[in-house]
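**Q** Each chain, letter by letter, is given below.
Protein chains: 2
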Amino acid sequence: MIVIGGDAAGMSAASQARRRLGPGELEILAFERGDFTSYSACGIPYWVGGLVGGPDELIARDPATFRKDHIDVRTGHEVTGINLDARTVTVRDIAAGKDITEGYDVLMYAAGAVPVRPAWADNPASGIFGVQTLGDGAAIEAWLSSFDARDAVVIGGGYIGVEMAEALIRRGLRVTLVERSGQPMSTVDPDMGALVADAVRGLGIELRTGVAVRALETSDDRVRAVVTDDGTIPADVVVLGLGVRPNTALADAAGIPLGDTGGLATDLRQRVTGPDGVVDGVWAAGDCVQVTHLVSGKSLHVPLGTHANKQGRVAGINIGGGYATFPGVIGTAVTKICDLEVARTGLSSKEAEAAGFRFVTATIESTNRAGYFPGAVPMTVKVIAEKDTGLLLGAQIVGRAEAAKRIDAFAIAVWNRMTVVEMTALDLGYAPPFAPVWDPVLIAARKAADKI
Amino acid sequence: MIVIGGDAAGMSAASQARRRLGPGELEILAFERGDFTSYSACGIPYWVGGLVGGPDELIARDPATFRKDHIDVRTGHEVTGINLDARTVTVRDIAAGKDITEGYDVLMYAAGAVPVRPAWADNPASGIFGVQTLGDGAAIEAWLSSFDARDAVVIGGGYIGVEMAEALIRRGLRVTLVERSGQPMSTVDPDMGALVADAVRGLGIELRTGVAVRALETSDDRVRAVVTDDGTIPADVVVLGLGVRPNTALADAAGIPLGDTGGLATDLRQRVTGPDGVVDGVWAAGDCVQVTHLVSGKSLHVPLGTHANKQGRVAGINIGGGYATFPGVIGTAVTKICDLEVARTGLSSKEAEAAGFRFVTATIESTNRAGYFPGAVPMTVKVIAEKDTGLLLGAQIVGRAEAAKRIDAFAIAVWNRMTVVEMTALDLGYAPPFAPVWDPVLIAARKAADKI
Numbered sequence: 001m002i003v004i005g006g007d008a009a010g011m012s013a014a015s016q017a018r019r020r021l022g023p024g025e026l027e028i029l030a031f032e033r034g035d036f037t038s039y040s041a042c043g044i045p046y047w048v049g050g051l052v053g054g055p056d057e058l059i060a061r062d063p064a065t066f067r068k069d070h071i072d073v074r075t076g077h078e079v080t081g082i083n084l085d086a087r088t089v090t091v092r093d094i095a096a097g098k099d100i101t102e103g104y105d106v107l108m109y110a111a112g113a114v115p116v117r118p119a120w121a122d123n124p125a126s127g128i129f130g131v132q133t134l135g136d137g138a139a140i141e142a143w144l145s146s147f148d149a150r151d152a153v154v155i156g157g158g159y160i161g162v163e164m165a166e167a168l169i170r171r172g173l174r175v176t177l178v179e180r181s182g183q184p185m186s187t188v189d190p191d192m193g194a195l196v197a198d199a200v201r202g203l204g205i206e207l208r209t210g211v212a213v214r215a216l217e218t219s220d221d222r223v224r225a226v227v228t229d230d231g232t233i234p235a236d237v238v239v240l241g242l243g244v245r246p247n248t249a250l251a252d253a254a255g256i257p258l259g260d261t262g263g264l265a266t267d268l269r270q271r272v273t274g275p276d277g278v279v280d281g282v283w284a285a286g287d288c289v290q291v292t293h294l295v296s297g298k299s300l301h302v303p304l305g306t307h308a309n310k311q312g313r314v315a316g317i318n319i320g321g322g323y324a325t326f327p328g329v330i331g332t333a334v335t336k337i338c339d340l341e342v343a344r345t346g347l348s349s350k351e352a353e354a355a356g357f358r359f360v361t362a363t364i365e366s367t368n369r370a371g372y373f374p375g376a377v378p379m380t381v382k383v384i385a386e387k388d389t390g391l392l393l394g395a396q397i398v399g400r401a402e403a404a405k406r407i408d409a410f411a412i413a414v415w416n417r418m419t420v421v422e423m424t425a426l427d428l429g430y431a432p433p434f435a436p437v438w439d440p441v442l443i444a445a446r447k448a449a450d451k452i
Numbered sequence: 001m002i003v004i005g006g007d008a009a010g011m012s013a014a015s016q017a018r019r020r021l022g023p024g025e026l027e028i029l030a031f032e033r034g035d036f037t038s039y040s041a042c043g044i045p046y047w048v049g050g051l052v053g054g055p056d057e058l059i060a061r062d063p064a065t066f067r068k069d070h071i072d073v074r075t076g077h078e079v080t081g082i083n084l085d086a087r088t089v090t091v092r093d094i095a096a097g098k099d100i101t102e103g104y105d106v107l108m109y110a111a112g113a114v115p116v117r118p119a120w121a122d123n124p125a126s127g128i129f130g131v132q133t134l135g136d137g138a139a140i141e142a143w144l145s146s147f148d149a150r151d152a153v154v155i156g157g158g159y160i161g162v163e164m165a166e167a168l169i170r171r172g173l174r175v176t177l178v179e180r181s182g183q184p185m186s187t188v189d190p191d192m193g194a195l196v197a198d199a200v201r202g203l204g205i206e207l208r209t210g211v212a213v214r215a216l217e218t219s220d221d222r223v224r225a226v227v228t229d230d231g232t233i234p235a236d237v238v239v240l241g242l243g244v245r246p247n248t249a250l251a252d253a254a255g256i257p258l259g260d261t262g263g264l265a266t267d268l269r270q271r272v273t274g275p276d277g278v279v280d281g282v283w284a285a286g287d288c289v290q291v292t293h294l295v296s297g298k299s300l301h302v303p304l305g306t307h308a309n310k311q312g313r314v315a316g317i318n319i320g321g322g323y324a325t326f327p328g329v330i331g332t333a334v335t336k337i338c339d340l341e342v343a344r345t346g347l348s349s350k351e352a353e354a355a356g357f358r359f360v361t362a363t364i365e366s367t368n369r370a371g372y373f374p375g376a377v378p379m380t381v382k383v384i385a386e387k388d389t390g391l392l393l394g395a396q397i398v399g400r401a402e403a404a405k406r407i408d409a410f411a412i413a414v415w416n417r418m419t420v421v422e423m424t425a426l427d428l429g430y431a432p433p434f435a436p437v438w439d440p441v442l443i444a445a446r447k448a449a450d451k452i
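Those sequence lines, one after another, are chains A and B.
Residue numbers for the first sequence, in the numbering used here: 1 to 452.
Residue numbers for the second sequence, in the numbering used here: 1 to 452.
Hints are not guaranteed to be accurate.
Said to hold, decoys possible - Cβ-Cβ distance ranges computed for the label pairs, FRET-style:
1. A/P257 with B/G202: 58 to 66 Å
2. B/D450 with A/E25: 13 to 21 Å
3. A/G202 with B/G204: 52 to 60 Å
4. B/G371 with A/S126: 29 to 37 Å
5. B/V114 with A/T389: 52 to 60 Å
6. A/R417 with B/D450: 26 to 34 Å
7. B/A194 with A/E206: 48 to 56 Å
8. B/D450 with A/R222: 29 to 37 Å
9. B/A194 with A/E102: 48 to 56 Å
10. B/V377 with A/A119: 31 to 39 Å
11. A/E25 with B/I452: 43 to 51 Å
12. A/G243 with B/G371: 56 to 64 Å
13. B/D72 with A/K451: 26 to 34 Å
14. A/E206 with B/K350: 36 to 44 Å
Unchecked claim - Pairs of lysine-lysine, DSSO-like flavour, derived with a Cα cap of 27 Å:
15. A/K387 with A/K451
16. B/K451 with B/K387
17. B/K387 with A/K68
18. A/K451 with A/K350
19. A/K68 with B/K451
20. A/K387 with A/K447
21. A/K447 with A/K350
22. B/K350 with B/K298
23. B/K387 with B/K298
24. A/K387 with A/K298
25. A/K451 with B/K298
26. A/K447 with B/K68
Everything labelled a hint here was simulated from the structure, so no lab data went into it.
The beta-carbon is built from N, C-alpha and C at its ideal position, and this holds for glycine as well.
Given these sequences and hints, build the entire structure.
**A** Right under this line is the structure:
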C-alpha cells in the first residue's frame, strides 16, 4: 500500500488498514512532501493568534509514532508520477534530490488541496502567506516576529479569512478584511452574515465587502500594499484566504478520471471511480475528492478535516478487508469570531434556491439557557424547510455561547430527512443551565412548522 | 373550555386554543389551586442556591398576562369534582371558602403531579419541605432565613435531590444526601453514577447511598434529625426529593379511566383514552399523564416541564381546531452538579435489559474541544446499542463543559432509529473551539460500531 499525502486522510487510511492487516500481510509506505504528518491545519489561526502553543500541539501523530505501527512514513518525499499500468509511483526525495520508483498493490491518493491563487497573487515578494500547512503557519509566525509589522490585510472573508483576521488583531496589528462578495461567510444567508459582519467590525477589524483585489504592491521584495477596485490598503503582511481546490494534477496526469468539480470521484467505499467504473487499486480520501451533498444530491468539493478523517478511515477499513462507507455530507460547519459562534448545516437559502426547492424560512431569537439563568445570552436561529412537505433543508445559528454546537441537532435531523413538524416533538435535553424549556432548536422548528 | 391546573401544560393548552379561537368562539376558564401560573419549578434549586433571584424570575406568564388574552385564570381555586355526564366541574374558592359549579364543552385536565410521601414523611413539624411548587421554594427560603440552620438532609438522590443538595451547600449548610439505591441519579448506569457520586462528594456533600430512611425525629414542632437504617443524621432542614406521581385522584373519582402507570392515558392528540376509546371532551397533558417511550414501547410517567409544554401545546392546537401530535418520549434528561454536566437519553443498560434487548455498551473518554484548544476538558460518553443490528438504544454523557447538550445528537439519532454504524458517518460541526476532529459523539458511536 502506497499513500500519497501524510495528513488526516492518508494517515487515517494507513492506520485503519494496519489495524486489520499486520506488517506480514500488508506493507504500508506513505509519502509526504512536507515535514509533518496528521496535523490540524484548522488550528493555525489559533496558533498565530497566540491561543495555542507551537506547531507540535497541532500534530496528532508524528512520523515516529506511525513507524512504531510499521507504517513507513517518508516526509520530504514528493510523489511526481503514477503509472497505473505498471502499478508504480515515482517519488522525489526532496533533500537528496533523487528519484525512486516504488510498486504498489493499493494506491491511496490523499494529496489534499492546493490554494486558489489568482494571477495577482502569484508574487514572489515576502510577507504574502497562505494558511494551509504548518509550514505556512511557521512562516507567518517568523514574519511577524522578524519586525514590527503594523498593517495586515486578509483577503477572503470565509472561515479561514475571518479566523486569521481575528488572530492578527489579537497580535496587535491593524487588520483589514477584504471580501469580494457582499458579506463575510457567504455560506450563511445575508441576514445571518450581517450579524457576522457586526461581530467582525466589533473586534476592530476593518471589513471591506464587495471589494475586489486587483494587485499586490511590493518593493524591496516585500509586500507593501493591496490594490483593490476601491483604493489601496497598506500591508506589511497579506494573508490569502481564497479557498482551495482539489490537488489532482498528479492523478489527472496519470489518466485517473476526475469528477465534475475537479476532485476525484469515489464510490461509497472511497474507491476512485470514473465513467468506466472503479479504477482498479486506487483509493482516495480527503481534500482531493468530491463528495455528495445528501440534500441537494449534487457533487461538491468540501475540504474539511472532519470529512478527511472519516473518508480516510472508511478507505482504510475497506483496504484492510473490512466494510465501511462514507455516504456524503450535509454541509455542516461551525466557527467562532471572538465570542460570536456561527454555524450552518444543510442548504442555505441560496443553495436551496439553486437546488430547485420551494421553501420557507423562519428566524427566531432565543437564549442558550433559561432566560432567568445566569449566563443566558441571545441566539438567532434560522430554519429553511421545503414549503409543501416541511422537510428540513437547512439551518443556521449565530449566538454568543453554547450556540454553534446546537447545529448538530439540525444536522442529524437533516440527515434523517425529518420534517420541521416532526421536529417540534423532539425530546431534547432540558434543564435551566442548558436551555429554555423550549430549546431554540425547537422554537425555530415550531415557527417554520407554522408556515407549512 | 375549562382548564384544571394553571402551570405549563394547562396554560400552554389555553394559549394555543386562544391563538386559534377568539373570545367569541371559545371561553377559557383556568383554575389554579396555588397563587402562580406557568412557572419553572425546575428553577427552584437555583433560587434556593442563590443563583437566581426571587420567584418572579421563575414565572413565565402571570395571570394578568393571560387575562389580557381573554383567558380567565382564577388562582386560589381548587377543582374538587368533575361530572362527566353533566359536563360540569365543582370549584372551591379557597379564600372565600365557597364552591361554584361551571359547565364545560372541553375539559383540559392538567392537574400535575403530587409528591411521593412515605408514611414516615407524613409529619406536621416544620422544617420539612418538598420541591414542587413556588410555594415550596418560598417556604424553604423563609425557613432558612428565619434562623441559623446548620444541618440539612436531602432525601432522594435523583435530579432534584442532587440539585437541592448543591443549593444548600451553596447556602453554607452542612448537607447530607441520602439515597436508598446504590448511586445518585439512578437513571444513569452505575459506572456513570460513580462519576456523579465523586462530583457530589467533591462539593463537600456527605453522600449516603444504600441507606433507607426510617423516620423523622421532631421536637417542639420542628424537625431535628433523620433516622435511617444506618444511623441518625441531625437535621435543621429536611428536603424531600422522592419523586412524584400523577395527580389523578380527581379524574379517578369522576370515573375517568387511568393508565397502567396511574397517569391518564391519552391518544397522540392528548385526548384522554380508556378501554372504550376516547373519553368525550376530556383532554390531558403534563405531569398527570403517562407517555410512551419510543424505544421500549412502554408506558411511563415522566414528569418534566419540557414534555408538559409540548403536550399542552399539542392539546391546545387540537382543541382550537388544528392538528398536532405528541408521539412520545425517549427519556432525555440533563442536569448539572457544580460544573459536572450529566445527560442521558434512550434506555439505560438496566432499562434495555428490562425491555428485552440484547445489547453492547461502549464507553469512551474524549474532550469538549480540540485537545490543544484552551478550555479543553475531559468528557465520558457511553453508548448502548442493540448487539445484532447496531440500533442505538441510549447514551449517557458526563463531562465538565459543553458536554450535556451533546446528548441532543444522540436523542435525535435514537428518535430516528439510527444505527451506531450509520452514526459514524454523521456530518457534525467541527472546529477546534467546539470539538476534536472526531466529536466525542462520533468516537463513542465508532467504538460501539466496532462491537457490532
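**Q** Among all the numbered hints in the text so far, which are the ones the structure does not match?
**A** Violated hints (numbers, rising): 3, 5, 8, 10, 11, 12, 14, 17, 25; every other hint is consistent with the structure.
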